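Colleague: Each chain is listed here by its residues.
Number of protein chains: 2
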Amino acid sequence: MKSFKVALAQFSPHIGDIETNVQKMIEQANQAKKQDANIIVFPELATIGYPAEDLLLRPSVNKRTAQAFEQLQAVKDIVMVFGFVNATEDGQRYNAAAVMKDGQILGIYNKQNLPNYSVFDEKRYFNEGHQHLVFEYLGHKFGVLICEDVWSLNTVQQLAQLNVESVLVLNASPYEVGKPQHRIATLQELAKQINIHVLYTNQVGGQDDLIFDGSSFVINNTGEVALRAESYKEQLYFVDYEVENKAYKTVETAPALDTMAEIYQALVMATRDYVERSGFPGVILGLSGGIDSALTLAIAVDAIGADKVQAVMMPYTYTSQISVEDAAEQAKRMGVTFGIAEIHPIVNSFMQTLYPFFGNSPADATEENLQARARGTLLMGLSNKFGNLVLSTGNKSELAVGYCTLYGDMVGGFAVLKDVYKTIVFELAKYRNSLSEVAVIPERVITRPPSAELRPDQKDQDSLPAYDVLDAILYAYIEEDQSQEHIINKGFDKEVVEKVIKLVDRNEYKRRQGAIGPRITSCAFSRERRYPIVNGWKAGN
Amino acid sequence: MKSFKVALAQFSPHIGDIETNVQKMIEQANQAKKQDANIIVFPELATIGYPAEDLLLRPSVNKRTAQAFEQLQAVKDIVMVFGFVNATEDGQRYNAAAVMKDGQILGIYNKQNLPNYSVFDEKRYFNEGHQHLVFEYLGHKFGVLICEDVWSLNTVQQLAQLNVESVLVLNASPYEVGKPQHRIATLQELAKQINIHVLYTNQVGGQDDLIFDGSSFVINNTGEVALRAESYKEQLYFVDYEVENKAYKTVETAPALDTMAEIYQALVMATRDYVERSGFPGVILGLSGGIDSALTLAIAVDAIGADKVQAVMMPYTYTSQISVEDAAEQAKRMGVTFGIAEIHPIVNSFMQTLYPFFGNSPADATEENLQARARGTLLMGLSNKFGNLVLSTGNKSELAVGYCTLYGDMVGGFAVLKDVYKTIVFELAKYRNSLSEVAVIPERVITRPPSAELRPDQKDQDSLPAYDVLDAILYAYIEEDQSQEHIINKGFDKEVVEKVIKLVDRNEYKRRQGAIGPRITSCAFSRERRYPIVNGWKAGN
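Chains as they are written, first to last, in UniProt numbering: chain A, 1 to 541; chain B, 1 to 541.
Calculated directly from the structure, the hints in this document are not laboratory data.
Relax, there's no trap hidden among the hints.
Cut-off 16 Å, straight-line C-alpha distance, at most; resulting in silico cross-link-like pairs (EDC-like, lysine to aspartate or glutamate):
{"hint": "1", "chain 1": "A", "residue 1": "K538", "chain 2": "B", "residue 2": "D54"}
{"hint": "2", "chain 1": "A", "residue 1": "K502", "chain 2": "A", "residue 2": "D471"}
{"hint": "3", "chain 1": "A", "residue 1": "K385", "chain 2": "B", "residue 2": "E367"}
{"hint": "4", "chain 1": "A", "residue 1": "K123", "chain 2": "B", "residue 2": "E128"}
{"hint": "5", "chain 1": "B", "residue 1": "K34", "chain 2": "B", "residue 2": "D240"}
{"hint": "6", "chain 1": "B", "residue 1": "K385", "chain 2": "A", "residue 2": "E368"}
{"hint": "7", "chain 1": "B", "residue 1": "K63", "chain 2": "B", "residue 2": "E89"}
{"hint": "8", "chain 1": "B", "residue 1": "K123", "chain 2": "A", "residue 2": "E128"}
{"hint": "9", "chain 1": "A", "residue 1": "K385", "chain 2": "B", "residue 2": "D364"}
{"hint": "10", "chain 1": "B", "residue 1": "K430", "chain 2": "B", "residue 2": "D258"}
{"hint": "11", "chain 1": "B", "residue 1": "K538", "chain 2": "A", "residue 2": "D54"}
{"hint": "12", "chain 1": "A", "residue 1": "K34", "chain 2": "A", "residue 2": "D240"}
{"hint": "13", "chain 1": "B", "residue 1": "K249", "chain 2": "B", "residue 2": "E165"}
{"hint": "14", "chain 1": "A", "residue 1": "K63", "chain 2": "B", "residue 2": "E485"}
{"hint": "15", "chain 1": "A", "residue 1": "K385", "chain 2": "B", "residue 2": "E368"}
{"hint": "16", "chain 1": "B", "residue 1": "K179", "chain 2": "B", "residue 2": "D258"}
{"hint": "17", "chain 1": "B", "residue 1": "K63", "chain 2": "A", "residue 2": "E485"}
{"hint": "18", "chain 1": "B", "residue 1": "K101", "chain 2": "B", "residue 2": "E136"}
{"hint": "19", "chain 1": "A", "residue 1": "K2", "chain 2": "A", "residue 2": "E242"}
{"hint": "20", "chain 1": "B", "residue 1": "K385", "chain 2": "A", "residue 2": "E367"}
{"hint": "21", "chain 1": "B", "residue 1": "K308", "chain 2": "B", "residue 2": "E276"}
{"hint": "22", "chain 1": "B", "residue 1": "K123", "chain 2": "A", "residue 2": "E528"}
{"hint": "23", "chain 1": "B", "residue 1": "K538", "chain 2": "A", "residue 2": "E19"}
{"hint": "24", "chain 1": "A", "residue 1": "K123", "chain 2": "B", "residue 2": "E528"}
{"hint": "25", "chain 1": "A", "residue 1": "K538", "chain 2": "B", "residue 2": "E19"}
{"hint": "26", "chain 1": "A", "residue 1": "K5", "chain 2": "A", "residue 2": "E165"}
{"hint": "27", "chain 1": "B", "residue 1": "K123", "chain 2": "B", "residue 2": "D54"}
{"hint": "28", "chain 1": "B", "residue 1": "K385", "chain 2": "A", "residue 2": "D364"}
{"hint": "29", "chain 1": "B", "residue 1": "K246", "chain 2": "B", "residue 2": "E224"}
{"hint": "30", "chain 1": "A", "residue 1": "K246", "chain 2": "A", "residue 2": "E165"}
On a predicted model such as this, the values are computed, not experimentally measured, just so you know.
Could you put the whole structure together from the sequences, leaning on the hints where they help?
Modeller: Structure representation (structure tokens):
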């Protein structure tokens, strides 16, 4: 044999739907076979999808997995390597990979390194494996690793000592900014160092707050990248191993994306998968004339198409004419259904009802929140009536400091920009505008000073530091977990830092009730930042 | 020496506030000394409190812990055994106990068994210890264990083989129904079996969704209970070891509580601790005339006093006169501030604004939700203006099947009955009424058929099965994690079971945005039931 062909199935499972996933796996295996692949590699836990969370504890997982095996055994003439839940007779449960050919199981591998930090909770569900799996096929020696395993030098070195030529790595590695390139760069070094070919197959698709970018790849033992799959796309990729050259033949590879393209496409896929897999016919969102809702609108349209997107402008006394015009203009440029709903009568009816209780109390944030909640309730009414999902439009900077109204602008099932800092919102808006001849987001939406328009002449910067300063402090505190003292020592104003950190700490209760949204940073306000609400911690040194 | 005295500090830490906790520990140690105690035992992780979650990852935990040690070293003439975060120089972090006397550290113990299931995530934060700690003092041989350790027969037997006479167990063991008695019954057997005295000190207090009941105890190696501390009370308890008898002298012990008393007091403590530790001046809640809000009101009053509780009735067209009367009567009997806010004008203004969008669409749940959201917004307005925390009043049965309105009746910071099934709500109402001569909850609130009053003549049982059936199905599905097939085979109607399970599965998105509330079951909708929102799992066999 002069060569063999490996298919990397950059696969998008529907979490928990083992039956459908397995049908898709069979189809993909047959398709790979038609294209003369000898081996097909699926991602980590492909049968149930990642992360299935407590579905892994359901009593029938084992029975369903056994049925999946039966069905997969019908596939002939191709070696399938796929992730599954391995429940053994002694009551252990493993995050495992099976190597199957013509209905025979050639080997089972149990993941050895179980991540239990950041967004990962694998020790809640799985036991650790302690053995390597090596199989020879077509005169070539393969090893199998699962995700975290390949980041443990110790594990990889042990495997290499078994004279493995190619390691098949099954992954469900969540996206964060720069991660696609980071994985490749790290494993290029590793492949060279230990003289092994690395075939890295990653899950693709959005799952709740997690984005799996795919971005699968093949690296030769020289460190050369033989294949780089597109990000955010479910597809089969193929590489040929040439025996004479002892290397995988380089095929045309997807170029690495610029940062803004990478983030934008991540948000688009996450939004599409959330909407479609939850079965919503479309989405609805409030357009304020500001940049956050404008960007959310563009992402929604790119995700599911303009015909499935409804936008509503809900002006009040403090809404400027510019905002109304810009909202209408955005909707027009994007081609979505657009409506205007004045909220004066609603806010007035609330105020009249509350007046006897409020007495002579001076106006404060209460009145501002009433506006936001009138809007939230209108959006929910439209959502309830026609079934569209409400997208909330707040960004990470706002959510961090609580500059948002619970049950108001926080209303919604999916918060598209939840993990996007305001400074990045601006960049993404410019990026999106660069994609078409006519800017879909009117220029002045990007250039005018941000305002919540809940008070006369209000500007965000009246209550918050400038966004570049705010975001830098937030990044240091949240992503880098730096102390208050440390951040002040970097040169930021002491009072500003103290205020920002206090706001972050105090607003955990708000974030806890917020919609989920796609994670693009290394520390989103989601499953990886677990702070108590009642909390006596005092920032300081 | 004929005897020595051990103090069990049933301690209520403020999570994350190391400085305040340590000051309290010093005071309690000094108080114990005054009462001639030779040893004082604090709970697990007493310095930072349990669970501190990702506060454990803050960069200054080590420095703050070092400061805590310095302060504790000032305590003289009593042995202190306390839980703390042990960060070692090799970068490991342990859930540890220190034995300290006169400023000297006599020993450090690192917890060996780290729970990482249910509500526990200890493997996210801690490394496992591998060594026992035994110390001799006053001619007596003591061992130290931390919480989960004592449930591992293997660990306890190893310790017993070191000829330990008394084991000091430091705990942060969360409450669930029946747990106080269960702990004692299990450890009575163990104490006899391995011939060891068990001194069990538990944390007390509410922390977000978790309730620590205290209920500390001492069991002699005969299995005899020498001390049983009161539940839900922060206090020092003392036992004397009599050398001649080789046993702790039995002291008057708190009687075990009846189930309803146990649950009721748990909810009262949880509510008090949440309100007070979050710094709210009081609470506000909507009274509907129904049993859920009536019970929530009673718990709130018992927790923080009638003068800090504000109740509002918000009637609409479908609200019966009985409901208005009963709400007013409840408020009067409990002595709380009461107001009525009609929501007609608000609902009308919403409908008028939405009419152009709705067209001729028939009325459905949308209109019902508007009523609930008008009420939620009113409560939030009053909360924003005067600072009181909104208590939400929904129960577990409703929340399970989504019989509640997001941003409507789900509004609030703390959901007192979140983990209380409707059938238990009835029992708790009767229990509370039994405590005073005049029933605080009018009888007909308990006896009339439950209704959300969102449609004319609506009854809960129009859309849901009878609550005893519903709760039995929910219990089997949620608490016992049984399959749909299994539940049907128990004799429940197939269609009903399928409908209920579908509702539970579909409403994860709602629960995810709900307020936290105190956990009293073995599977609350909180940190221990982690289901994906986007989820293709199909119930079945």
